[in-house]
Amino acid sequence: MHSPNTRPISVTVDLTHKTAYRPFIADADVAIQSADITPAQEAETILANLPLEPTVERIAIKHLDLFYGSFQALKDINLSIASNQITAFIGPSGCGKSTLIKSLNRMNDLIDGCRHTGAILLDGIDIDTGINVNLLRKRVGMVFQKPNPFPMNVYDNVAFGPRTHGIKGKAQLDEAVEKALVDAALFDELKDRLKENALGLSGGQQQRLCIARALAVQPEVLLMDEPTSALDPISTARIEELVVQLKEHLTIVIVTHNMQQAARISDKTAFFLLGELIEAAPTQDIFMMPQDERTADYVAGRFG
Amino acid sequence: MSQAISPTINSRLTRRTRSRSIGAWILRLLVYLGALLSVGVLLFIVVYILIMGIPHLSPALFDPVYNSTNVSLMPALANTLLITLVALVIAVPLGLGAAIYLTEYAGRKNRIVGAVRVTAETLSGIPSIVYGLFGLLFFVTYLNWRMSLISGALTLAIMILPLIMRTSEEALKAVPDLYREGSFGLGAGRLRTVLRVLLPSATPGILAGILLGIGRIVGESAALIYTAGTVAEIPSGLFDSTRTLSVHMYVLASEGLHVEQTYATAVVLLLLVLIINTLAATLVRRFAKG
Ligand SMILES: Nc1ncnc2c1ncn2[C@@H]1O[C@H](COP(=O)(O)OP(=O)(O)O)[C@@H](O)[C@H]1O
Ligand SMILES: [Mg+2]
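Here the protein sequences line up with chains D and C, keeping their order. In terms of my numbering, the first sequence opens at residue 19 and continues consecutively. In terms of my numbering, the second sequence opens at residue 1245 and continues consecutively.
Honestly, the hints are just simulated from the structure, not real lab data. Please note: incorrect hints may appear among the correct ones.
[Unchecked claim] Pairs of lysine-lysine, DSBU-like flavour, derived with a Cα cap of 35 angstroms: (1) D:K80 x D:K93; (2) D:K186 x D:K197; (3) D:K164 x D:K188; (4) D:K164 x D:K197; (5) D:K209 x D:K197; (6) D:K164 x D:K186; (7) D:K164 x C:K1417; (8) D:K93 x D:K209; (9) D:K188 x D:K213; (10) C:K1353 x D:K80; (11) C:K1417 x D:K209; (12) D:K265 x D:K164; (13) D:K93 x D:K164; (14) D:K188 x C:K1353; (15) D:K186 x D:K209; (16) D:K164 x D:K209; (17) D:K209 x D:K188; (18) C:K1353 x D:K93; (19) D:K213 x C:K1417; (20) D:K265 x D:K209; (21) D:K213 x D:K186; (22) D:K93 x D:K197; (23) D:K93 x C:K1417; (24) D:K186 x D:K265; (25) D:K80 x D:K164; (26) C:K1417 x D:K186; (27) C:K1353 x D:K164.
Whenever a hint applies, use it, and build me the whole structure from the sequences.
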């Protein structure tokens, strides 16, 4: 699966090195201004540097079999998800992408008759046994396919998570809300509309609000299940841009129906078919030199 | 559809359509007649009561104390509000709690859920006099609470419990799963999800159910005559007998001595029920809109 020039060499890293969630620094503009090299040069330097960059494994999926009643939706999935990278799940409808991503923060627990064997490790800890489920979901946040802001105002939506996890003081809440909205690139748009009902926002704003809501609890991993499938191209582009910015501080797993989207934003891509993980590799390898014929067919648009 | 059909089949079709359309026409006529009749009867009753009652709405009718000369409905009105309040204080937490348990805690395939649901459905079909009989046997006689505010209120609470439970359940079920996922996905527990996300969304539906329950209580007499009694005074405690507005009307009507005041009382009762039902309908409409 790995060609010689693939870089992410998985390095087992001491957990004490785990970086805590760092506050956002709005330095994108500064970075662009100071860059007086051409994009090509920039790309070259980035590529040159890549092999040196160690990746920390944040999530490990080991021999995961998952059943809805007697129907097996996932078959022996083994996958490693690296920290501060965007991992994309692609594959035709019904192949189990949503099922797998929901397993990562145990949202499948809510479904009657759903059970699994195998293990999912978050920083080496079994998420089924080693951690309280609510704490797990605080650390592994989720953005859903359909924007689902609560029927309350913008502020309360974003403050919901922090309040859930015990932040009470008004000043602290204000700060958390503002920070989350800034991180989701939504603050300027909504700072005067904090008391407005969130259901009155546009679809794209609603989805970014859901991202802000998820960011407000300062997760380490953000799961996104086709977050742009219900949105127009402009909103989609904004969210893609945002996701790429977010990976500096977060590990992102994104399910997408849209192969261009996976190619544009992800570092690693996993291709699924009928509940099986067919191939997982650096995104450019998946698209440029897939190892499996079925992957090749799919990325070439020959089925699905 | 008809392009490819041969002329013979086509004419046969038209014939059949025509005979069917006559049937449909008759059916429609019957439906209209039925609707007209029921609305007509209802309108007649309401108008009749208003005509008979409004001229006799005298200030004496609203005296704070009842006696056989003023036939005041004031104590009964106060008692109605009082007994409604007590019944709701008992029935709402129980009904709402049961609904929350059934929709949010018990698994979808849980046996208890099915059993409770069937029981609730059966209970809501039982005539109120049966509840009255139960209240008489259990609260009044067995627990020896006599005919009292508390016996009546408990009987009423049991009577509206299935209604409150069912409407609350429907209201909770109508809250989109997206909200549940959103809340759980942020690490909120079940209780927090229920209290902070689901109940606020379901409130209009739940309130509508409560208002329907109030409507039933206000209009109820059969379940109260032998449980709350007929004393036309504001009770000084939970164990005193009370007479609600409906019971008051029943007593006046059966005595036959104060026909005019009976109609006037009916007007007040009618207005009360009308206000409650309008409120309920408004809430239901708001709820349906989301
Ligand atoms: N709650 C459920 N109960 C039963 N089967 C389910 C459920 N959710 C998904 N499935 C089945 O599991 C398979 C994978 O579904 P899903 O993970 O939603 O696929 P994807 O997101 O890739 O389109 C499908 O065959 C689907 O029908
Ligand atoms: Mg899906």
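How the hints compare with the structure:
no.	hint	in the structure
1	D:K80 x D:K93	holds, 11 angstroms
2	D:K186 x D:K197	holds, 16 angstroms
3	D:K164 x D:K188	holds, 30 angstroms
4	D:K164 x D:K197	holds, 24 angstroms
5	D:K209 x D:K197	holds, 11 angstroms
6	D:K164 x D:K186	holds, 29 angstroms
7	D:K164 x C:K1417	holds, 19 angstroms
8	D:K93 x D:K209	violated, 46 angstroms
9	D:K188 x D:K213	holds, 15 angstroms
10	C:K1353 x D:K80	holds, 31 angstroms
11	C:K1417 x D:K209	holds, 34 angstroms
12	D:K265 x D:K164	holds, 22 angstroms
13	D:K93 x D:K164	holds, 27 angstroms
14	D:K188 x C:K1353	violated, 43 angstroms
15	D:K186 x D:K209	holds, 21 angstroms
16	D:K164 x D:K209	holds, 23 angstroms
17	D:K209 x D:K188	holds, 16 angstroms
18	C:K1353 x D:K93	holds, 26 angstroms
19	D:K213 x C:K1417	holds, 27 angstroms
20	D:K265 x D:K209	holds, 24 angstroms
21	D:K213 x D:K186	holds, 18 angstroms
22	D:K93 x D:K197	violated, 40 angstroms
23	D:K93 x C:K1417	holds, 33 angstroms
24	D:K186 x D:K265	holds, 28 angstroms
25	D:K80 x D:K164	holds, 29 angstroms
26	C:K1417 x D:K186	holds, 30 angstroms
27	C:K1353 x D:K164	holds, 27 angstroms
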